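Asker: Chain by chain, the residues:
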Amino acid sequence: MNHDVIIIGGGPAGLSAARHLLASGVRDVVVIERNPECGGLPRFCLHRGWGALDFGRLWRGPRYARALVEAAAGATFLTNCAVTALEPDGVVRVNTPGGPRTLRARAVLLATGIREMPRSARLIGGTRPWGVMNTGAFQEMVRFQTLPFRAPVIIGSELVAFSALETARHAGLRPVALLEENSSLSVPAIVGAAARLRYQVPVRTGCRLVEICGQDRVEAIIVEDNGARRRLRCDSIVLSGRFVPETALVDGRTILRDLDGTRGPVIDNFYRCTDPRIFAAGNVLRGVEHSGYVAHEGRSAAAAILRALRDDLPPSRPAIAVEGRNLRYVYPQRIVPSDGKTMLFGRSARGAGGDLVARDASGRELARRSVGRFAWPRLTLEIPTPDVETCDALILEREHSGQ
Amino acid sequence: MTPLFDLAVIGSGVVGCAVFRESVLAGLDTLMIERAPDLLAGASKANSAILHTGFDSKPGSLEQRLIRAGHREYLAIHERLGLPLLKTGATLVAWNDQDLAQLDGIDAAARQNGVSLHRLDAEGVRRREPSLAPTACGGLVVDEESLIDPWSAPLAYAQQAVVNGGVFLRNSPVASGTYEDGAWTLRLEDRGEGEKTVRARVVVNCAGLQGDIVEAIARSSPFTIKPRKGQFIVYDKSAYGLISSVILPVPSPVTKGIVATRTVFGNLLVGPTAEPQDDRDVAALGRPQLESLKAAGERLLPSLARHDITATYAGLRPATEFSDYQIEALPDRGWITVGGIRSTGLSSALGIARHVRGLYEESFGRCRPLADPLWPRVPNLTEEFPRPGFQPDRDDIICHCESVTRAEIRAALSDSPLPAGCIGGLRRRTRCMMGRCQGFYCTRRVVELAAPYLPELATLGPGGAA
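Protein chains in written order, with UniProt numbering: chain A, 1 to 403; chain B, 1 to 466.
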């Protein structure tokens with residue numbers, strides 16, 4: 001059975017893409033979701049603030065998730081179905097409740113989202129008791145009132161850490177502390193100050209989790225607090241942030257993964273992976289952006305897919321490789337020739353201003369702009385799309401002031 | 001009157017479980033006693049999951065003989081119990097001239113141990129394991145080294161014992177014991193339910209890390225447990241294909257060194273460290289050691305640096321002041337000591353069990369083997385064989401990383417001869433929460449299913465009331 005579009009992942013990116021495709025007249029859109037219901041991670045976030053950019057509302061997460069699903073009405077939803085492999089020619093292997101099935105589509109959109117880095121990959125020391133979890137699991141347990149803890153410590157200070165604080169407040173829990181190992185918070189300092197006031201929770205910077213204590217359950221943690229070791233009693237640990245794309249399907253065979261940068265799939269300037277039938281959008285592209293941004297990416301990828309369905313996209317090869325300098329990552333990782341401009345996205349560690357510069361391999365400058373001193377770590381630069389005849393490689397560099 | 005068992009096994013690590021099985025199959029009325037809520041609570045829960053050939057053991061040692069016997073026995077019974085065997089073989093790699101100079105000696109010792117190896121030059125190593133660092137300059141191939149499931153194996157042994165009449169007592173630390181009129185009375189620690197005692201004609205001490213403490217019930221212990229910690233890193237399934245065989249280093253006099261191996265679950269494992277410590281209960285991870293282990297893994301396999309880490313764990317091995325196993329029967333005390341089973345217990349357990357049965361028959365009387373024992377199979381957790389999550393009309397998948405269904409989790413919690421006694425036991429029986437997300441996506445649903453069975457997961461309402 002050949003579908004028009006198969007979307008893998010029923011979260012904000014995938015559902016927004018479905019919404020846009022259906023509104024544009026594509027009839028046969030299949031959304032594959034491995035959970036019993038669609039909606040993605042917002043399903044478990046009870047605080048307000050969802051839907052501002054895509055629905056003009058400030059909903060709680062579950063309401064926003066419902067609105068996303070409703071807006072994609074007309075799609076075929078395959079829930080409880082897990083994709084096990086992506087293959088060339090739009091072939092998608094699915095593990096359905098009725099057994100394994102093979103589907104096929106003219107275009108496939110990978111929108112599998114992200115998760116937070118587990119304790120293991122952070123190389124945290126100490127014992128391995130019950131009670132160490134990511135924010136995702138924490139919020140889901142609060143949502144379903146199955147949380148077996150009451151005194152968590154929250155590690156990290158990306159936005160999601162403050163989302164965890166809000167969740168804790170909702171559940172009537174008072175977290176023991178919020179700890180950030182860097183000398184400043186990952187969010188603007190004002191957020192930290194507001195959090196102290198609103199939640200009455202100590203927010204510490206320069207404070208690193210060294211060791212987890214407790215045999216069966218978490219009993220305490222040892223932290224290195226600005227050089228001094230101390231013990232902090234708690235019954236659970238919420239490891240927040242440090243998002244990693246969910247790339248089980250990006251296995252390097254059908255499509256390539258950007259292992260040294262985003263750790264998501266390699267895409268071109270049309271959200272297209274290294275197999276021309278497969279597209280990707282949303283947080284699977286890189287560690288985290290908020291849902292409104294991700295929904296916008298879903299729409300942009302849908303626009304590219306519409307062109308692909310009309311055979312109106314430039315060929316996927318040859319492409320110009322894009323490389324980042326002084327950046328944690330840059331995407332798209334390849335640029336194919338096209339009319340108009342191309343947007344480059346990068347991310348750097350927080351820091352003082354400077355310039356963002358795009359050059360070709362010969363050093364010729366294509367675009368430059370200054371980066372504000374308090375710029376969000378997300379960096380963008382619009383460039384005139386280079387010609388593959390005259391440009392083999394493109395370098396996006398963050399130049400710090402004084403360099 | 002408390003019933004009198006023929007045999008009481010203290011400890012339910014892999015050795016205890018194997019002895020339990022052997023004893024029940026030998027027709028003895030057997031009890032296995034465990035202080036923790038589930039089996040495999042000590043040394044046996046953390047190892048490298050390799051079924052060794054014993055090629056590098058000391059020729060003539062008891063350890064060497066029992067590894068060989070255990071390996072053989074596993075090959076003979078694994079299919080009937082539903083246990084996997086992944087015959088990857090091993091490649092012992094020389095990284096410099098010093099290593100190269102030792103290969104002949106290792107080869108000769110292996111031949112003495114009844115294992116034949118074959119030699120590889122640098123090119124041969126590269127062809128066999130192309131992802132290894134290019135400094136690999138030679139090696140030896142050990143064909144029979146294999147991978148197994150380190151948790152399902154002991155579970156299968158204990159389960160076979162239970163369905164054939166054995167009794168498993170959990171949450172029961174043995175506090176003391178007295179031997180009178182040819183029978184032991186063991187007093188179990190009071191856990192608020194009043195003092196309990198159990199009685200058996202013969203006690204087998206398989207207490208692992210507590211071995212010398214338990215031994216002191218019968219006599220002044222001739223050995224002292226000197227725990228040695230090993231830390232491991234499990235890499236994402238994306239790294240599975242980097243090697244095809246177990247990568248062994250040339251051992252130094254002090255340690256066998258760091259091994260890289262696939263696992264039967266489809267991951268890649270690097271470890272262990274070897275760190276002596278006094279504490280015999282707590283195996284704590286340490287960031288500096290994990291960092292150097294990670295670096296060591298990347299020296300072997302440079303591309304490992306680009307793969308995600310899925311899990312880290314640490315285990316304790318019950319080493320003693322002796323290099324060999326400490327196994328003997330005390331005929332006049334109704335006691336069999338099985339101590340100092342340091343890092344090879346998974347491979348030797350079935351051999352140890354046979355040996356213990358022999359000691360029992362020599363000292364305490366003949367056995368009446370069961371004529372037609374039951375052979376219950378354990379659920380398959382490996383990707384080698386079909387798993388329930390991929391069958392038509394499967395139940396909902398709860399853990400997506402490892403494709404674990406609700407039915408599998410339910411079965412492990414209630415519908416099993418040996419249900420899980422703690423969340424770790426549930427993870428080891430089903431693989432839920434063991435995959436790349438480490439519970440990010442499935443913790444809530446697992447907790448919902450498990451909370452009625454595992455009191456530690458009881459929900460705390462607002463304000464903390466259970």
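The set of hints was computed from the structure by calculation and includes no laboratory data. These figures come from a predicted structure and were not determined experimentally. Errors might be hidden in some of the hints.
Distance ranges between label pairs, derived from CB positions [as the list claims (entries may be wrong)]: (1) B:GLU456 x A:ARG27: 18 to 26 angstroms; (2) A:ARG27 x B:GLN391: 28 to 36 angstroms; (3) A:LEU53 x B:GLU456: 49 to 57 angstroms; (4) B:GLU456 x A:PRO36: 24 to 32 angstroms; (5) A:HIS290 x B:GLU123: 52 to 60 angstroms.
Cβ coordinates follow ideal geometry from the N, Cα and C atoms, glycine included.
Asker: Of the hints stated earlier, which fail here?
Answerer: The structure conflicts with hints 1 and 3, although it agrees with all the remaining ones.
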